Amino acid sequence: MSHDKKLRSQKAGLEPGSLVHLGEVKTSTPTLMLLEYDSNGLYEQELSSREQIDGLVRRPGCTLWLNVYGLQDPDLMAAIGKRFGLHPLVLEDILNTDQRPKVDDYEDYLYLVARLFDYVPHSRQLASDQVSIILGKDFVLTFQERPSGTFGALRERLRANRNQVRRLGADYLAYSLLDSLVDRYFALVEQVGDHAEILETSLINRRPRPGVLQSIHRHKRQITTLRRAIWPLREVLNVLLRSHDGFFRAETVLYLRDVYDHTVHLIESLEDLRDLLTGLLDVYLSAVSNRVNMEVRALTVVATIFMPATLIAGVFGMNFHVMPWLEHPDGFWFAMGLMGAIATIMLAAFWRRRLIG
Amino acid sequence: MSHDKKLRSQKAGLEPGSLVHLGEVKTSTPTLMLLEYDSNGLYEQELSSREQIDGLVRRPGCTLWLNVYGLQDPDLMAAIGKRFGLHPLVLEDILNTDQRPKVDDYEDYLYLVARLFDYVPHSRQLASDQVSIILGKDFVLTFQERPSGTFGALRERLRANRNQVRRLGADYLAYSLLDSLVDRYFALVEQVGDHAEILETSLINRRPRPGVLQSIHRHKRQITTLRRAIWPLREVLNVLLRSHDGFFRAETVLYLRDVYDHTVHLIESLEDLRDLLTGLLDVYLSAVSNRVNMEVRALTVVATIFMPATLIAGVFGMNFHVMPWLEHPDGFWFAMGLMGAIATIMLAAFWRRRLIG
Amino acid sequence: MSHDKKLRSQKAGLEPGSLVHLGEVKTSTPTLMLLEYDSNGLYEQELSSREQIDGLVRRPGCTLWLNVYGLQDPDLMAAIGKRFGLHPLVLEDILNTDQRPKVDDYEDYLYLVARLFDYVPHSRQLASDQVSIILGKDFVLTFQERPSGTFGALRERLRANRNQVRRLGADYLAYSLLDSLVDRYFALVEQVGDHAEILETSLINRRPRPGVLQSIHRHKRQITTLRRAIWPLREVLNVLLRSHDGFFRAETVLYLRDVYDHTVHLIESLEDLRDLLTGLLDVYLSAVSNRVNMEVRALTVVATIFMPATLIAGVFGMNFHVMPWLEHPDGFWFAMGLMGAIATIMLAAFWRRRLIG
Amino acid sequence: MSHDKKLRSQKAGLEPGSLVHLGEVKTSTPTLMLLEYDSNGLYEQELSSREQIDGLVRRPGCTLWLNVYGLQDPDLMAAIGKRFGLHPLVLEDILNTDQRPKVDDYEDYLYLVARLFDYVPHSRQLASDQVSIILGKDFVLTFQERPSGTFGALRERLRANRNQVRRLGADYLAYSLLDSLVDRYFALVEQVGDHAEILETSLINRRPRPGVLQSIHRHKRQITTLRRAIWPLREVLNVLLRSHDGFFRAETVLYLRDVYDHTVHLIESLEDLRDLLTGLLDVYLSAVSNRVNMEVRALTVVATIFMPATLIAGVFGMNFHVMPWLEHPDGFWFAMGLMGAIATIMLAAFWRRRLIG
Amino acid sequence: MSHDKKLRSQKAGLEPGSLVHLGEVKTSTPTLMLLEYDSNGLYEQELSSREQIDGLVRRPGCTLWLNVYGLQDPDLMAAIGKRFGLHPLVLEDILNTDQRPKVDDYEDYLYLVARLFDYVPHSRQLASDQVSIILGKDFVLTFQERPSGTFGALRERLRANRNQVRRLGADYLAYSLLDSLVDRYFALVEQVGDHAEILETSLINRRPRPGVLQSIHRHKRQITTLRRAIWPLREVLNVLLRSHDGFFRAETVLYLRDVYDHTVHLIESLEDLRDLLTGLLDVYLSAVSNRVNMEVRALTVVATIFMPATLIAGVFGMNFHVMPWLEHPDGFWFAMGLMGAIATIMLAAFWRRRLIG
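Going line by line, the protein sequences match chains G, V, W, F and B.
All residue numbers for the first sequence refer to UniProt numbering, where the first residue is 1 and numbers rise by one.
All residue numbers for the second sequence refer to UniProt numbering, where the first residue is 1 and numbers rise by one.
All residue numbers for the third sequence refer to UniProt numbering, where the first residue is 1 and numbers rise by one.
All residue numbers for the fourth sequence refer to UniProt numbering, where the first residue is 1 and numbers rise by one.
All residue numbers for the fifth sequence refer to UniProt numbering, where the first residue is 1 and numbers rise by one.
Read the hints as simulated data drawn from the structure, not as lab findings.
Honestly, I wouldn't trust all of these hints.
Note that identical chains are pooled: a pair holds if it fits in a single copy or bridges any two copies.
[To be verified] As a list, the in silico DMTMM-like pairs of lysine to aspartate or glutamate whose alpha-carbon atoms are at most 20 Å apart: (1) K82 to D275; (2) K82 to D105; (3) K102 to D261; (4) K26 to D118; (5) K137 to E156; (6) K82 to E24; (7) K137 to E327; (8) K102 to D272; (9) K26 to E235; (10) K82 to E251; (11) K102 to D245; (12) K82 to D194; (13) K137 to E107; (14) K82 to E268; (15) K137 to D38; (16) K102 to D258; (17) K26 to D129; (18) K26 to D73; (19) K102 to E235; (20) K26 to E44; (21) K137 to D330.
Here the structure is a predicted model, which means the values were calculated and not measured.
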């Protein structure tokens, strides 16, 4: 069970809407980065105190983007909530960092949750951060547990105003955030896919290493983890595409449809990978079973050659006073010949049986 | 088959709506706890007799919460049913404690059934209690088989009027009850998850203990049991979210949506756990199979070394009068050398075959 | 393939609606039992001839229930069909006793098919009878292949007019019939469940008896059989709940919903049982595989102890003229010591390898 | 891949609607059988030339049924197409005999495709023919690859006018054709079911014959084949039941519903059979595995008895000058007793271990 | 992970709609082939420069078909996009050649993506190209990664104006393109099917070659690959059939329905093949397991015959001074007889046990 869930159960008994940060603290101090822009310009400011949030004055006609790294300060969150009129449940969900991706419609704004993943080489597992996006008519708020570099390129694009991106408003900004997230998933799915193909190559060439099974098991779990994040994200995008609540303009919806297609693509890739891994499990188990087969066969061959010969040696080692061949000068070679002949016949007989059955 | 179901079949032939308590008696005397409150105050009373129920006078504008522990007294139940205008089928369902979670809409009130679980360390199984909730316009009735402590924190919150909870009416109370139930599930799912992860760690490190299979089997059944309770509860919440019958106000529906999200989360966690356990079963079976493999290999090696050597010993133990080497002073060492050489060659040959196949 | 289906294929080529009884004859003579009742009284009569049916006069305002045991007399059926205006296809379906549960709406009446099961200890299988129920505005017809005792308690209740049941009309009667059927299923599902739990207990305690697999297989088939009957019955009830054709009054629909819930409950119990049996199959196969494992290990141990010792004995049995130790007075004990030492070392080595791999 | 599909790929590149017969030619010359009837009479004629089709005059008020055996003459087909106003795609589908069952609505007529099966004892597989049915307002056209005898009984019924079948028009005729087809399926499903039950009986009695696996595999494929034909046929019937295009009158729809029920029944039977076969596979594999188990055990017993005894014999065969017991007159029997004692003790020990693990 | 996806992740961070060709360059220079036609004639031209595209003048009333091979020149693509008013996202999707089949509706035109496959004998895998089709009111644009010969026959048909195909407009052209694609799939599915049947034949005849498992695994992956392309194509066709946006006239929709049926057929064939391969896996694993069984049995037989005989030989090789039979002139033959008798008895006993269990 993950660390997050442990914390959740500790919260049982608190009233709903109580602001307690449930989750690991992953960054030292919360950082608030404010961007405000329109076609004419872009204003950038780093906020650090509750007062600055309370005193925030909006530039008319501008799109505002407030990004928060680090969720451990409930007071700060409450101040933001108050300034932008967020529902207590939204704040609660932002702070409880084990939400599954979803979209909630609160008339004045949309609340979106998505998840970010990092491959942790040490534990060979995927670590997960929660990203909360709030889309209002002319503002976007984003909340992350720590800086991840996901939105850096987007920020650069806004500063440079490439393709006149600053002209396009809050809904396009929200789309761009989602697009950045989904692009990140592609890299992860590729990575899992590369590992799976290395496994496949090594298995098809019939050299099952020990640990293959554990490896398949681990990859399957990673796929499950990613699928659990992407599947509801697809649903979120589907809801956004079909809804008519005016948060997204028709022209932005075309772009959302594109991100939606990407999520479908990702899910299919993950399903293919899962099928591949299941197939590899079959191949592996069969290879192991073939091994046992080869070894049992070796054992059979060994026993088949040596048991009769050993018997013959034993027979001529008996101490009867009267025994055939013993006094014959070539008796020894007679016995050796007999051993060889029997071994040859039995081997031939078994080879033939193997062909039959 | 559980004890409850046994009792159900004994009821076959009775007319519908007949009040017979089907289920274990889990508490000595029924306890009735009455809470009535509005923004101004909270009145608390413990009822003990049928007459007190019949004579119950409502305080106007107040929200009433009547909680019943222990269902073994049909007369008492009938009195409550009469006082609050409950349909005979509702009373029957309250008393038959093997209902699956559901919601029934009876115009004047909603009838909700949910299930509570306790982990019984002794039998390593989950024991289940039924919780019935009846939500009217300004009252909530709850029926439990025994005190479980689930609603204690909520009762405290009402008494302390934290966040002005007393102002929020019967629908918010019903929501809070459901929220308490779902929070309890998180603890159980965590516990199963912890056990599963211990199993995983021990299996991945390749030390399958005996009893692993029984353990996986038991955990799978616990997951099935929890899933059977949470899945229909999710449906119940979904129905409440989508219905427009006026029992829940728009602002409470936001909170219900939150509980709904939690149940979805729980179900996904259970599915992940089931996938994990199925994967562990594969890992376990493969580990066992690898074991057999190792032992067959050991047997092959032993046979390969000793059978030819034993044959050579037997050959030189034969009693032929004329045999080579016997009279040579180093004959014994010739034979020993031959044994060693053959063993070495055969081992080498088998090692090479192992590399090939 | 069941006996019923054999008969069905014999009917190929006959025109639709032709009245041929397809099914085993399970009772000697058809019995027709007529009950007519209202709040004031109940009239009971046993009909025996075609003429009595033709001449049947309805008491105005009364609810009529005609129950038929034994379907082998097509003329009698045709008479009933004519008297109550049944469609030829209905009569055909009543006589072909391998229908799956369904409801057909024929404007003037509903035609319901359900199935009854009996556990036949002899063949350890479930035998199945067809029950046809026709619900008109003020009459109910029931057709069974033989007396089964399922509706006896209901008949008693009508005679005694408990809970004023006679006041409640034909739709309540139809509900009561369905309720009796579903109650019967509970007993069967319990029985299968009991057997499954006995199997589980014996397997978890690690003593797989021979025949366990056959037993699991048989139980799985029984579950499939029951599921095939209950699943469509649930659909039938669902259709009745959602339809607005006026055969069921609003107050009876509440009761139908109750039976519907019971069928959902039954299906879930069957699915749990199927999961349980599948899990037991895994446990069983693994127990068998563990057995092989133990025996291969025993074989390895035996070979490991004795093969080197036998070789040493053989070596000192060789007839070389010059051999070490032979003439030493303690030579024999040297050899014995060598055997023991090698056996000890190899055992130790294998035990260590077993711990490693 | 079947012969039909091979032919289809040869058609790649031709324009759509081009009339090429794709499929084996299964009959020597096409036969066209014309029936025209109303309540008053029935006129029957065999057509043989293109001109006869072009010159066909309809009797007003009559229902026309034209049945074609053999599809290898595209000109003839084109003539029929022209005479009855068929769309080029319909003709193409009639001639490409690997269609899956479907219904296409072409305003003036419905085009139905179904499949007929024959069990070919030689290859133990199911051979499949395509049956095309075109239902117009007052005519029915049927196209088959060869005479199959499926519609013979129906033709007889029309000639005899049993149950005044001639009065019932083209839609009832189309229904009767579908009914005949479905009745045929029952026979096939029964046959597969009989084979499966023979397999089951032989397996449950624990005598797995070689070839059982191949047999299970073959039956599974037959079931898949049948399911592939019946499943879409059910969909076709469902579409006909729900459509309101006026080809079927309300009274015929009742009969169609009956055929629909039969297809549902068939599909369930096939699913049961598939479950049964999957279960049998488990039973078979387990029986085989039990066998290996028994034989490994036998091997263990043999080794356990003889290895120690052989060692003792070897020990007393050593040539040490000083050895205990050798000169004792009962030394031989001491040794024999020792062998027997050790064998007994080891056997006992192993039996006990077997009981433990 | 495929080459395409690798490239996609390199694109992360670029703004949406940026024209970068993601995919292998599969042809040297882009080729643009222009066809314009109406009932009266057909004009054909090869375009090679950006200027020719910019200066393109439409012949009124004509249908235009512009086919592009090779996507590596973004400028050219941008010029086409500008000339025909394509959305930046369409151009992006055309250039990113790992799209899954889909249809996007952009008011003025439809954008369709499909995939082409080639079997690469070298790697025994399927290579995939992307085909983009844009259908406007009177024009069709097609974009392929390289010449594949798929549309050659169609081009010939247009030039020859067979069946007056030139009269039928842009929607019929788009249909014809899709039809050509689907016909190509049939050939591929056949090929996979042929391989699967060869595998089946060889397995049913009980000669499992090494590498069978790898072969099954490879075929399963090919089937998955094809399914991933055909399944969404079916959805695309379904959308086109159900949409009412006027791109397809009613008469062309009939033809589309035909292609739709073909895709359904293909999917079913693939599912059958997958079932077949899964079944073959079972057969193969069981054959391998039978092998082990046969060899263990052989080992048992060998051990059973020789162990007792070797013991007897050892016994009479002991050096006791007093031993029975040794001095008897036929003692040797007594011993041999004893060996033979015991071998016979044990063999008989084991044969009987085999019959029992």
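State the violated hints by number, sorted upward, taking the hints as numbered earlier in the document. 1, 5, 6, 7, 9, 12, 14, 20, 21
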